[in-house]
Amino acid sequence: GEDVEQSLFLSVREGDSSVINCTYTDSSSTYLYWYKQEPGAGLQLLTYIFSNMDMKQDQRLTVLLNKKDKHLSLRIADTQTGDSAIYFCAGSGANNLFFGTGTRLTVIP
Amino acid sequence: DAGVTQSPTHLIKTRGQQVTLRCSPKSGHDTVSWYQQALGQGPQFIFQYYEEEERQRGNFPDRFSGHQFPNYSSELNVNALLLGDSALYLCASSGTVNYGYTFGSGTRLTVV
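Same order as they appear, the protein sequences are chains A and B. Under our numbering, the residues of the first sequence are numbered 2 to 110, in order. Under our numbering, the residues of the second sequence are numbered 33 to 144, in order.
Incorrect hints may have been included.
To be verified - Distance ranges between label pairs, derived from CB positions:
#, chain 1, residue 1, chain 2, residue 2, range
1, A, ASP4, B, GLN88, 33 to 43 angstroms
2, B, GLU86, A, GLN58, 13 to 23 angstroms
3, B, GLU83, A, ASP59, 28 to 38 angstroms
4, A, THR102, B, LEU114, 17 to 27 angstroms
5, B, GLN73, A, ASP27, 11 to 21 angstroms
6, B, LEU115, A, LYS57, 20 to 30 angstroms
7, B, GLY132, A, SER18, 39 to 49 angstroms
Please keep in mind that the hints were generated in silico from the structure rather than gathered at the bench. Virtual Cβ for every residue (Gly too), placed ideally from N, Cα, C.
Using the sequences and the hints, build the whole thing.
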């Protein structure tokens, strides 16, 4: 199966940009996803990128994909306290998703 | 438009018991997947159901079984519960275009 790795923690000040990084081992994923999980809740799909794209922008979110290095990143512009959560990157198998362990983002007011 | 709904939200069971969790997919979705999320971990794929058949299975023992009904809703059954089965169980649904799985809020299972 695919391994997906993320750093565990990230702290930023309100209004700054956050960058959450992810590396994966299986280059056959057709789509790569970013999900957000707030305490006690399920997963909310934030954005996804098709594997033949380098970048995707969606309002405050920018996803960068480096297929050569198998590296995915999520940039959140103007980070707000409501962005505090755990962020998961996930690769896609034929019928399933492979998740990292998640990055806990803490936004300091 | 209702998203994915799961029931119950919380459950406490004793070791050795059996449990059934339920999931209704998002309107228009015909595929249901189940994931187990242990505390502090990312979700792990259990299995996926499509057209009332198990289409793919992750690395979980046979104690974990499922079912999909003609209305696309699904059940996850776990037999002979172990303490290690304590986790958040997430249901995800998807349509024929296989991107953007929609997750429910999960069922928190505690085995004591």
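**Report entry** Verdict for LEU115 of chain B, LYS57 of chain A (Cβ pair) under range 20 to 30 angstroms
**Finding:** Given about 42 angstroms between the Cβ atoms, the range is violated.
Report task. Note whether the CB distance of GLU86 of chain B and GLN58 of chain A lies within 13 to 23 angstroms or breaks it. Result -> violated, 38 angstroms
Query - GLN73 of chain B versus ASP27 of chain A beta-carbon gap, inside 11 to 21 angstroms or not - result: Holds - the Cβ-Cβ distance for GLN73 of chain B and ASP27 of chain A, about 19 angstroms, lies within 11 to 21 angstroms.
Query raised in the report: Given a hinted range of 17 to 27 angstroms, is it respected by the beta-carbon distance of THR102 of chain A and LEU114 of chain B?
Result: At roughly 22 angstroms between Cβ atoms, LEU114 of chain B and THR102 of chain A fall inside 17 to 27 angstroms, so the hint holds.
Requested in this report: Could you see if the CB distance from GLU83 of chain B to ASP59 of chain A stays within 28 to 38 angstroms?
Outcome: holds, 33 angstroms
Query raised in the report: Regarding GLY132 of chain B and SER18 of chain A, is the given constraint of 39 to 49 angstroms on their beta-carbon distance met?
Result: This hint is violated: roughly 25 angstroms between Cβ atoms.
**Report entry** Status of the given 33 to 43 angstroms range, CB of GLN88 of chain B versus CB of ASP4 of chain A
**Finding:** violated, 18 angstroms
The structure is inconsistent with the numbered hints 1, 2, 6 and 7, although it conforms to all the rest.
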